[in-house]
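**Q** Construct the complete structure from the given sequences, taking the supplied hints into account.
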Amino acid sequence: MTGGSSDEPDPERVHKVMARAGVASRRACEALIVEGRVTVNGTVARTGDRVVPTDCIELDGAVVAWDPGLVHYLLNKPRDVLSAASDDRGRRCVTDLVPADERVYPVGRLDADSEGLIIVTNDGELTHRLTHPSWGVDKEYLAHVCGVPSRRALAQLRNGVELDDGPTAPAVVSMPQPSMVRIVIGEGRNRQVRRMCEAVGHPVLRLVRTRIGPLSDSSLRPGENRPLTPDEVRKLHGAAKAANRR
Numbered sequence: 001m002t003g004g005s006s007d008e009p010d011p012e013r014v015h016k017v018m019a020r021a022g023v024a025s026r027r028a029c030e031a032l033i034v035e036g037r038v039t040v041n042g043t044v045a046r047t048g049d050r051v052v053p054t055d056c057i058e059l060d061g062a063v064v065a066w067d068p069g070l071v072h073y074l075l076n077k078p079r080d081v082l083s084a085a086s087d088d089r090g091r092r093c094v095t096d097l098v099p100a101d102e103r104v105y106p107v108g109r110l111d112a113d114s115e116g117l118i119i120v121t122n123d124g125e126l127t128h129r130l131t132h133p134s135w136g137v138d139k140e141y142l143a144h145v146c147g148v149p150s151r152r153a154l155a156q157l158r159n160g161v162e163l164d165d166g167p168t169a170p171a172v173v174s175m176p177q178p179s180m181v182r183i184v185i186g187e188g189r190n191r192q193v194r195r196m197c198e199a200v201g202h203p204v205l206r207l208v209r210t211r212i213g214p215l216s217d218s219s220l221r222p223g224e225n226r227p228l229t230p231d232e233v234r235k236l237h238g239a240a241k242a243a244n245r246r
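For the sequence shown, this note's numbering begins at 1 and goes up steadily by one.
Among the hints, a few may not be true.
[Claimed, not checked] Ranges between beta-carbon positions, derived for each pair: (1) 150 <-> 44: 50 to 56 Å; (2) 16 <-> 152: 30 to 36 Å; (3) 113 <-> 35: 46 to 52 Å; (4) 90 <-> 162: 17 to 23 Å; (5) 79 <-> 167: 26 to 32 Å; (6) 34 <-> 85: 41 to 47 Å; (7) 92 <-> 53: 31 to 37 Å.
No lab work stands behind these hints, which were simulated from the structure alone. In this text the structure is predicted, and so the values were computed from the model without any measurement. A virtual CB, placed ideally from N, CA and C, is assigned to each residue, including glycine.
**A** Rendered as structure tokens:
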């Protein structure tokens, strides 16, 4: 499907690349190709097709991350760390907490005074899919708030709250214990969860992001990180694709 030039790596068969990326065994990957579930650069792949790292392989619409230069980290961001690649005032950034030699950046925002999961990567396509408003991947937060929200306040959060930049979309909201609100949103406005809670009369005392799409990891302590597995990267792409269809 793709031919290499003298400046490119030698093309490899699609099923071998998929197997090395952790999709399945070579034989199982060949079967996925025969079933028509694999595309390369938007075209249905055939057995024997070859690819180079600039090609985009997708399985059921989810990108297979196989470029060896791409890195993906899941980080439990502590409070007072910036969701930025650098800071001209010398403050700590999320990129200081991952071991990447490559230039990496955070996916989306998590306020300096908020905590929890954030992805740090150099994968531009995944970043676009997780942050662009048209994709809307769900993110889950636990908010410790002032007071105990009433049923009416919870209903307001679920149905949408009027903010200064417009009403919020409906959210999934529950109260697992008094003064603790679990909120799942697909939007990514600046300080959105804090502003939503304040709008219904319950300012946030502490905010922790506990899930990004299909990813959660309660074993990561504040400041700790781990690489994402190829399967987790695929699931993130798949979640973005599903959200985009919705």
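**Q** With 26 to 32 Å as the target window, see if residue 79 and residue 167 comply at their CB atoms.
**A** holds, 29 Å
**Q** Is the distance from the Cβ of residue 92 to the Cβ of residue 53 consistent with 31 to 37 Å?
**A** With a Cβ separation near 33 Å, residue 92 and residue 53 satisfy 31 to 37 Å, so the hint holds.
**Q** Taking 50 to 56 Å as the stated bounds, is the beta-carbon spacing between residue 150 and residue 44 within them?
**A** Holds, since residue 150 and residue 44 (Cβ atoms, about 54 Å apart) stay within the stated range.
**Q** Could you tell me whether the CB distance from residue 113 to residue 35 stays inside 46 to 52 Å?
**A** Since the Cβ atoms of residue 113 and residue 35 sit about 48 Å apart, the hinted range of 46 to 52 Å holds.
**Q** Please test the hint of 41 to 47 Å on the beta carbon pair from residue 34 and residue 85.
**A** At 42 Å between Cβs, range holds.
**Q** Please test the hint of 17 to 23 Å on the beta carbon pair from residue 90 and residue 162.
**A** With Cβ atoms ~39 Å apart, the hint is violated.
**Q** Please test the hint of 30 to 36 Å on the beta carbon pair from residue 16 and residue 152.
**A** violated, 58 Å
This entry does not satisfy hints 2, 4, going by the numbered hints stated previously.
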